[in-house]
Structure formats: structure tokens, C-alpha cells
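Please model the complete structure; the sequences and the hints are all you need to start from.
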Amino acid sequence: MTSPTTMGKLTFDAVSPGVGLKAALAQPAAAVLDRIAASGLRGRGGAGFPTSVKWSMAAEADEADKYVVCNADEGEPGTFKDRVILSEFADLVFEGMTIAARVIAARKGIVYLRAEYSYLRRHLESALASRREEGLLGKRIGGKEGFDFDIEIHMGSGSYVCGEETALIESLEGHRGEPRNRPPFPIDTGYLGHPTIVNNVETFAWVVCILEKGAEWFKSHGTVKSTGHKLFSVSGDCSRPGVYEFPMGITVAELLEEVGGQGAKAVQVGGASGQCVPASQSDRTIAYEDVPTGGSIIIFGPKRDMLEVARNFLEFFVDESCGQCTPCREGVPKLLEGVQMLQQGACSMAYLKELCSLGETMRLASKCGLGQSAPNAFVSIARDFQDEILGRTGFGRRNGSDG
Amino acid sequence: MKDDLVNQRVRAPKSQTVRTVEAIQYAKARGETVTLTVDGNPVEVPLGTTVLEAARKLGIRIPTLCYHDDLCLAGVCRVCVVEVVGQRTLQAACSYPITAPIEVRTHSPHVRRARRHIIDLLLSEHYGECYTCNRSVGCELQALAMEYGVDFFRFGRLARPRYEIDASSHSVVRDMNKCVLCRRCIRTCIDLQEVGVLEAIGRGNRTKVSTFLDKPLADVICINCGQCINRCPTGALRANDPTDDVWAAIDDPSKHVVIQTAPSPRAAIGECFGLPPGKALTFELNTALRRCGFDKVFDTNFAADLTIVEEGTELLLRLKRALAEGDKSVALPQFTSCSPGWVKYIEHFYPDYLDHVSSAKSPQQMFGALLKTYYAETNRLDPRDVVTVALMPCSAKKFECNRPEMCASGYKDIDYGLTTRELAKMIREAGVDLPRMPKSEFDDPFGTATGSGVIFGATGGVMEAAIRTVLELVTGTKIEDLYEHADVMPVRGFDGARYAELPIRAVGPVPPLVENLFADWDWLRGATLKVGVCHGTANAMKVMENIKAGGRFSQCHFIEFMACPGGCLGGGGQPTPTNPEIRAARANAIYAEDRSYEVRKAHENPAVVEVYRRFLTGGPCGPKSHKLLHTHYTPRGKYIA
Ligand SMILES: Cc1cc2nc3c(=O)[nH]c(=O)nc-3n(C[C@H](O)[C@H](O)[C@H](O)COP(=O)(O)O)c2cc1C
Ligand code: SF4
Chain A
0 MTSPTTMGKL
10 TFDAVSPGVG
20 LKAALAQPAA
30 AVLDRIAASG
40 LRGRGGAGFP
50 TSVKWSMAAE
60 ADEADKYVVC
70 NADEGEPGTF
80 KDRVILSEFA
90 DLVFEGMTIA
100 ARVIAARKGI
110 VYLRAEYSYL
120 RRHLESALAS
130 RREEGLLGKR
140 IGGKEGFDFD
150 IEIHMGSGSY
160 VCGEETALIE
170 SLEGHRGEPR
180 NRPPFPIDTG
190 YLGHPTIVNN
200 VETFAWVVCI
210 LEKGAEWFKS
220 HGTVKSTGHK
230 LFSVSGDCSR
240 PGVYEFPMGI
250 TVAELLEEVG
260 GQGAKAVQVG
270 GASGQCVPAS
280 QSDRTIAYED
290 VPTGGSIIIF
300 GPKRDMLEVA
310 RNFLEFFVDE
320 SCGQCTPCRE
330 GVPKLLEGVQ
340 MLQQGACSMA
350 YLKELCSLGE
360 TMRLASKCGL
370 GQSAPNAFVS
380 IARDFQDEIL
390 GRTGFGRRNG
400 SDG
Chain B
0 MKDDLVNQRV
10 RAPKSQTVRT
20 VEAIQYAKAR
30 GETVTLTVDG
40 NPVEVPLGTT
50 VLEAARKLGI
60 RIPTLCYHDD
70 LCLAGVCRVC
80 VVEVVGQRTL
90 QAACSYPITA
100 PIEVRTHSPH
110 VRRARRHIID
120 LLLSEHYGEC
130 YTCNRSVGCE
140 LQALAMEYGV
150 DFFRFGRLAR
160 PRYEIDASSH
170 SVVRDMNKCV
180 LCRRCIRTCI
190 DLQEVGVLEA
200 IGRGNRTKVS
210 TFLDKPLADV
220 ICINCGQCIN
230 RCPTGALRAN
240 DPTDDVWAAI
250 DDPSKHVVIQ
260 TAPSPRAAIG
270 ECFGLPPGKA
280 LTFELNTALR
290 RCGFDKVFDT
300 NFAADLTIVE
310 EGTELLLRLK
320 RALAEGDKSV
330 ALPQFTSCSP
340 GWVKYIEHFY
350 PDYLDHVSSA
360 KSPQQMFGAL
370 LKTYYAETNR
380 LDPRDVVTVA
390 LMPCSAKKFE
400 CNRPEMCASG
410 YKDIDYGLTT
420 RELAKMIREA
430 GVDLPRMPKS
440 EFDDPFGTAT
450 GSGVIFGATG
460 GVMEAAIRTV
470 LELVTGTKIE
480 DLYEHADVMP
490 VRGFDGARYA
500 ELPIRAVGPV
510 PPLVENLFAD
520 WDWLRGATLK
530 VGVCHGTANA
540 MKVMENIKAG
550 GRFSQCHFIE
560 FMACPGGCLG
570 GGGQPTPTNP
580 EIRAARANAI
590 YAEDRSYEVR
600 KAHENPAVVE
610 VYRRFLTGGP
620 CGPKSHKLLH
630 THYTPRGKYI
640 A
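Chains as they are written, first to last, in numbering that gives the first Met the number 0: chain A, 0 to 402; chain B, 0 to 640.
It is worth saying that the hints were derived from the structure and are not from the lab.
Beta carbons: idealized from backbone N, C-alpha and C, even for Gly.
Possibly wrong hints are sitting among the right ones.
What the hints assert, rightly or not - Partial selection, computed: residues in chain B whose CB lies under 7 angstroms from chain A: (1) Gly74; (2) Val75; (3) Cys76; (4) Ile117.
Unchecked claim - A partial selection of chain A residues facing chain B, derived with a Cβ cut-off under 7 angstroms: (5) Ser129; (6) Gly322; (7) Gln323.
Said to hold, decoys possible - Estimated spans, in silico, between C-beta atoms of each pair: (8) Pro403(B) <-> Gln343(A): 24 to 32 angstroms; (9) Leu389(A) <-> Phe151(B): 20 to 28 angstroms; (10) Glu31(B) <-> Met56(A): 17 to 25 angstroms; (11) Thr242(B) <-> Met56(A): 56 to 64 angstroms.
This is how it looks when you write it as C-alpha cells:
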């Protein structure tokens, strides 16, 4: 596998490993945490949880064994920015994890690496080995007495849901990768029952940048609620697909222009579990407070059949649902069936409405983020592309009370 | 004592939810409380209490499906979702621990819609054959559909079954077409029983509860305890039902069909006829069985008494070799052998310890062996024409009676094992209204039983019966003089694993029953009998690990093991539903029946004395006993082809 093209310069290119860690070691852990809090950094994996809040809760936990886990499962369709970071900036990720360990007082870190990225393993292991040689991992890191931390790599085995942090922890423990009940959250009952922070690859890399360049610098980009820059994996119907760095808060239209995707019919922001933004709403901003994303941008040109798009995503979820909870396990196939009925012109309006309402139940009642977001694409396409869909709506077989 | 067991290694991988529960319990142990409101009603609960528990405290009903009182939490069916104000999504009440003064709404529009959808979805994938399903009426899915007024299949229904039915096991039949994936069976098998045969395989809506490599249940390390059946909300799990064969035997005039009834089903069968738990129908049942057409109705208690005499004698023989003769090779502690689930468990999990298991057959099998020999001879019946049926609380008994070694007379000791549920069905089919039957006695010559046999049904009962007999034989003192009313309280209770010490202060003369085996009891004077009791194979595992590690249980002389939580009264053949309160009510019924007996000690049972006088002439553990009443075991291990 070759790395996808990186489009333009990235902030990470100009950050030299070592500086951030040195800065972190020179001040008390609480001060490091303050710095991250001041930057407003939110998780880059998609959910956008404030990183400093997660870390401070883990830091407060009164336990000897704590863990730092890097979520490198990158399974969201259309995301490949973590692959670029791991290939080209692995040092930043490990350094970010080391800083996290310093903040929460962890002694062990684990990178949960997506099965398909096993080709990166050797490269990552050698990066770890040289950090150990340089005294940046292992005992007395940076000469600091009592600061011992090391990182190991754990291979995933090809399941999308294992990117969900509690399923990831189950998988690390050797169990079937299925999300846990939350609460309790990993920050107090995580890996092997100990406090654990799970963060995205990119989140760790930005922490290093913040420590080197300062919270003010980070905060000066993006929006008030979504600070900083972020990497985007852009694919689909555009002339310049690849990995981009944009400030948070960029509008869909601006993004389309940058990547050569003008004239698109819709943009899927956030992968299969994200939202489908129609061209008519291209002034919307990509930010946690508007259209959030873990980095996946898929562009649909004017010729795309939106029902095909929905079908494609739902087939993905049918395969990837862990099968644990009812709304997701049974709901996703019903939505898929609904799309197929629509394609055959055999779905009544009433049943379509019922399915959208089911989508709402799935969003509210599923156990984890997968089932909660699985209906997103279906519901937004059914809402925003009604004309396209209604053209094919027939009279239902399934529901006597036809509309 | 319990500390001894806390840090035991856990073999089967614990399901994730156990650990969640542990975290919650930890919070509870800290003792702080919090006040929340449920539908506007304030309630104060210990920190870590779940929303479901808090609502129950207020008398507010939240429907559940994957939740079970005996099991760790799963939070997978989502039927119990509620609104926790401020949370973005609905929360599963069963597994949401309260750590702050939250506000809960149990029937907002979102909640009602979600519940309806979830029930509709479950129905769409459940191959429901309610007319022919053995769980119909008792089915929890059916009840939910009724409760929520489901009046059509909103998301369609399955046109044909998806999976083949697995009826390979003598004990448990699995019909995954009716499975709703609540995973109660999985949790029962792993967390309650530490067996771990069942696991989810596949993903999405191809998820299925299955076995190792999807093998038939007969080919995996299932111990047949049937606890999964008791906790299945639908008809996906059931016992392997031989009632058609039993009817055929009854209807065949050339067959002499006898049935023995065990105390636990008698204490529970009323539940199948709408009575509250805890009402024994022993003597009504005798009448009902005769009306069904059984030729004779016997009391398993007779054989239980016989078991106690044989097993107790075996224990005394082992103790003599160890204590009087200093033989270090004697396998002590001796383990009980009457729970067939436990026997299969030890054959799979601790095959190196099989010489500890008493060679005495279980009461069911002893009775069968005598029915086809002693009883057939005295009544001039051809054993070939005697059909022996056993009413048991147990699904493992079905496997036990089909063990090839259980053929003492040349014929199967027991032909058919019936569960409580199956017999209730037969009785209904015969048009008999059990609770309204007049009472009648058991048939001779095995009619007289003692209370000792009755208490076999409760955890600790076998041990108590054995103690009553052994102590009396050895001390020559009436047990009533040692323990008030002959109630050996130290071994009673519901703790998972119990340990007790019983001092033998004085010894008496050797009674005639065993005088050919023992010259005197001097070697027991001043000794302390150390005994253990445990129920549920998860607790059995803890005790076994304790023994392996040389802990306190390794010092025991005798340990009672029961595969099922609560003992036989919680057996896998008992009526559903089950929970700790129901099992406690059944136990009360059993101990009440014990108290009603005049003779409460096995060795005083006149029928037992008579059998030794007339038939088992070599006495307890003599040659004839050995041939008919004792057995051997098979080291099976965990990996079977
Ligand atoms: C179904 C599902 C899949 C996920 N996959 C990933 C993933 O591949 N990588 C990732 O970083 N986060 C993923 N997440 C989000 C994680 O659960 C978690 O929120 C994230 O790792 C936290 O890191 P952050 O705060 O740095 O974003 C996934 C979430 C869900 C519900
Ligand atoms: S929402 Fe889907 S993936 Fe998540 S726990 Fe439920 S079944 Fe599993």
C-alpha cells in the first residue's frame, strides 16, 4: 500500500520531535494540562470530546496502573489521514502519548493498530526502538526520576466497531470486540479495569504541536468552539483527492473549491456515520458545533445516485454492527431493506416515514456510536433528496395504511 | 471463610458486564447515597444503584428482557431504555449506575416510541410459532408484545426458519430461530456456571449464539445443567422432551410403568398450575400420576436414603483407611456424586480428581437399578417390561440415565427422565387439575421415606442428611441430642460455598448395619469432621481451585457439590421463571416437608433396612451394592473430538 498524497504543507512538517516533550517535562503535569485546556483541543477521532477534560479526569483517578491508548484503528470509510500521520510523523504520535503519560501518570501505552496497517508495524517498531535508545521511552524518561513509560503495538483484527473506545479495550483484553456500557467510562474503568485514556492518532500529534508552539497559536485558528487545524481525508468526485490540513470551521463550499470538487451534488462529512450535506447547504461549516467529522470527506458528483450511496453505507453497517444491541442489529437491515424497496419503487410513503422514525430510535437507543450514527446517511438522504427518492416511491406492500 | 475464595483465578473469560457490575458494586460498598427523581418521584439510593433498581424501589415498572436477577448486566436488548435528563441519548435503565442526582423519565414519547420499535424489531427476526411453542404464555417476548399493544408486524416477519434445530444433546435442545440474542444463556453459562460453552458468533444480524466451532451441543463441554433453559426468555432453549415415549409406554398394556418423584419438582410443580412458589403438592401429585396411568408411584426419597447410607459408609471407609490405617493414598475429601451436572463438570474440568467422587450412584439411578432387579423379582415381572420414569428437577438427569454404564440389570436403570415442566404438560394433557387432586400415598414397598431424603433438594441437604446418619452411626447418640430438631444449621443457607466443622466428642458401639466393616470407632474419638457445601459450578470451581492450592477446603473430609444455584430446587428442569426469591420459597417448602416426617434419618428408614435385609445382603458397600448401586466415571477433559 502506498501512502495517499498529502496536499500542501502540514503543520506537522515543521514540528521537530523532542521539543514538545522537553517543554512538558520542564513544567508540572498540571501546567501541561492547563496548556492543553487553554488550546481548546478536542478529540480528532470524530466525537470531539475536549482532550484536557478526559486527561484531567484520568489524572485525578487514584490508581497505580493507568494506560494511554492510541486509537489507530482508522476504520471510518473514507478516512486515511491517520495512515499518513503514522507513516510520516510517528514520532509525534509517540511523543504525544508520552506527554499524556506524564499528565495522567501512566506507565504503559498501547497503539491499537488497524489490521490493514500491519505493513506499518515494522516502521513503527523501529521508531519506538530509536526513541528508547534516545531515552525518550523506557525508564527515567528525559532523565526524570520516576517517569517510566513504554509503548507497545497491538494489532486489530479488521472490525470497524473496534475503533469505538470501549470495544477497542475489550479487544485489547482478548474478548470479542463489543462496546461496553458507559458509564463507567474508560477514564475510571478502562483496560483491565484501570483508568485509561483513548485518543485518536491525530489528537496526540496536535498535543506535541501545542506544547511546542503554544496554546495561543493553536487557538488562533478555527472557531471558538472548534479550535485549531485538522487533517481531512478527501475522496470521491473531485480533481485533487488526498490528505489536507484545513482550519476547523471551513465551509463545505470553501473545501470543495480547495479540492476541485465544485459542482458536487452532496458531500458526505464524517464518513459512513457522518452527515450527507446537500449542495444547497454548502455554506455550512465543518466544526463540532455544526457538521462534525473525524476527517472523512467524500464528494458525490452530480451523476451519483443517492439511493446507491445510502445502500452502500448501510451495507457497510450491516456487516460492521457488532450484533449486540437490538436497534442497531435489527434496525440497520431494515433500513437497507427500505432502500432496496425504494429502488424498486415498492416503498410506501408511510413506510418511509416509519423507517425515518426508526432511524430516530436507533440514534437514541443504540448502545454505541455505531448504531447511533448508522441511520444518519439514510435519514439525511431521505430528507434532503426527497425529489430524487420520491420519483420512485410506489405503493407499499408492507403497510396497509398507505399514504 | 469467604476471603479464602476471593482471589481465585477465574478460568472462563468473564463477560465484560461482570466487570461493569464489579465497578458498580465497588461504588455501593463505599456507602454513600444519592437522591434522584424517577418520573418526578424522589428516591434516595446508595451510589451506584441502577436506574432499574431505583424505579423498582418506587414501584415503577420498567420493562426488561436481557436483564435477569441472577445475572450480570448486559444492556443489550435496550427494551429498558429511559430518558436521563441532560443525556444526548436514551440510557438502558438496567445498567445505568446512578452517581449523581439525576432526573429520569420512564415513559416520555421518545421512550415509548423506542420501546415499541425495539419490540417490533425483535418480533421481525423471531421465528415465532406461538401455537406450538413450549414457552407460549410463559414467553417474555410474547408478554412484552402484549404489554405494548403490538397489533401487527410493523417490520415484517420471517417467512421460514433460518437455523437447524440442535437436538443432539440428551438434555438441552437449541432452536436459534426463536433466539432474541439477549445473551442470558451466554451469561448463565460463563458467569453463573463457569462452563462457557455458549458464545456469540458472527456480526450484525448474522449474530448467533453458538458453541465452540458451531459444534452440536452434544459434542462440546456442556454439563447439561439446563440453567440456560431456565433463563431463556423465549422458547429458544428447552429440554429434550421424552413425553411421547412415556405416553407410548403407558398406553402399552405389556409394560409396567413406574415413576419416582423427587422432592424438588413436588415443591415447584404447583407453579406450573398458577400457584405461588413454595407450595409442595407431593400427595396430590401421587393421585394425578395414577390418573395419568402410571402403574406405581414411588418416592425418590427412598433411594436418597439408600444413597446416604452407601455414600456415608463409603466416607467412613475412606476415613478409616486414612485415619486408622494411615494410608496416605486415600482420596479425601470425598465429593458427592448425586448431581449429574456436577459429575459431568468434574469429568471435563478436573478429571484428575475423579477418584474423590463417591462411587455411589445418584438416588435416581440407584432406584432404577433396584426397580429392575429387586422390585421386578419380588413382583415376578420381567425387567424388560418394567419401564422406569423419573420426575426430576433436572435436565442433566436425562443425560445421566443414558450413560452406558448405568445398566446394572442389563437394562437401562432409568428409561426416561422427565422434568417438572414436562410432567406438568402431561398432567394437563390428561385433563387433570393437579392442585385440586385429593391426596394419596406413595406405593409400597418404597413408600416410607425420611426427611433426610427430602432435603436433598436444597443446597446443603445431602450434607445434612449424611451428617445425621454418619454422626448417629458413629456416636450412638441421637442426632436430636447433638442438633436441635436434627436441624444441622451449620450447613444450611444460600452462600455459594460454605465450610463447617463438626466435632465428634464421643463414639459409641458399631451398629449392626456396618459391623462387618468396622470393629470400633475409637479412631474417630475426638476427631473433627470438616465438611464443605457449594452450589452452582462457578462456586464449585472456586472450591476446586482452593483445594488445588491447598486451601481450607483441601482439609475437608466430605464436600457436597451441586451444579445448580440453590441446589436441585433451582434445577434446569424446574418451572420458569427463576430468581433468588422463588428458590428460597421452594427451599422453605422442602424444609417444611422434612419437619413433617417422623423418621428423619436415612439409616432408620424401614424400607432401606428391609432392602439390606432381604436383597443387598452384603450390607452397605458390599458386593451386591457395588454391582447395582455404584458406578465409575469418565475423564473427559476439555478438548473433545
Ligand atoms: C463505531 C465507532 C468507530 C470508531 N472508530 C474510530 C477510529 O477508527 N479511530 C478513532 O480515533 N476513533 C474512533 N472512534 C471514536 C472513539 O470511540 C473515541 O471517541 C476516540 O478514539 C477518542 O479519541 P479522541 O478524543 O482523540 O477523538 C469510533 C467510534 C465509534 C462509535
Ligand atoms: S450500536 Fe451496533 S455496534 Fe454498537 S453496541 Fe449496538 S449492535 Fe453493537
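Each hint tested on the structure:
1. Among the interface hints, the one on Gly74(B) holds; its C-beta lies about 4 angstroms from the nearest C-beta in chain A, closer than the 7 angstroms criterion.
2. Given hint, Val75(B) at the interface with chain A, holds; its Cβ is 5 angstroms from that chain's nearest Cβ, closer than 7 angstroms.
3. Interface hint status for Cys76(B): upheld, as the beta-carbon distance to the closest one in chain A is roughly 5 angstroms, under 7 angstroms.
4. For Ile117(B), the interface hint holds, since its Cβ comes within 7 angstroms of a Cβ in chain A; the closest pair sits about 5 angstroms apart.
5. With 7 angstroms as the threshold, the beta carbon of Ser129(A) stays out of range of chain B, its nearest partner Cβ sitting at about 36 angstroms, so the hint is violated.
6. Here the hint on Gly322(A) is kept, as its CB sits about 3 angstroms from the closest CB of chain B, short of 7 angstroms.
7. Taking 7 angstroms as the C-beta cut-off, the interface hint given for Gln323(A) holds, the closest approach to chain B being about 5 angstroms.
8. Taken as a hint, the range 24 to 32 angstroms is violated for the pair Pro403(B) and Gln343(A), whose Cβ atoms sit roughly 58 angstroms apart.
9. For the pair Leu389(A) and Phe151(B), the beta carbons lie near 25 angstroms from each other, so the given range of 20 to 28 angstroms is met.
10. Distance hint check for Glu31(B) and Met56(A): the Cβ-Cβ separation is about 19 angstroms, which falls inside the suggested range of 17 to 25 angstroms.
11. Checked against the hint of 56 to 64 angstroms, the pair Thr242(B) and Met56(A) passes, with Cβ atoms roughly 59 angstroms apart.
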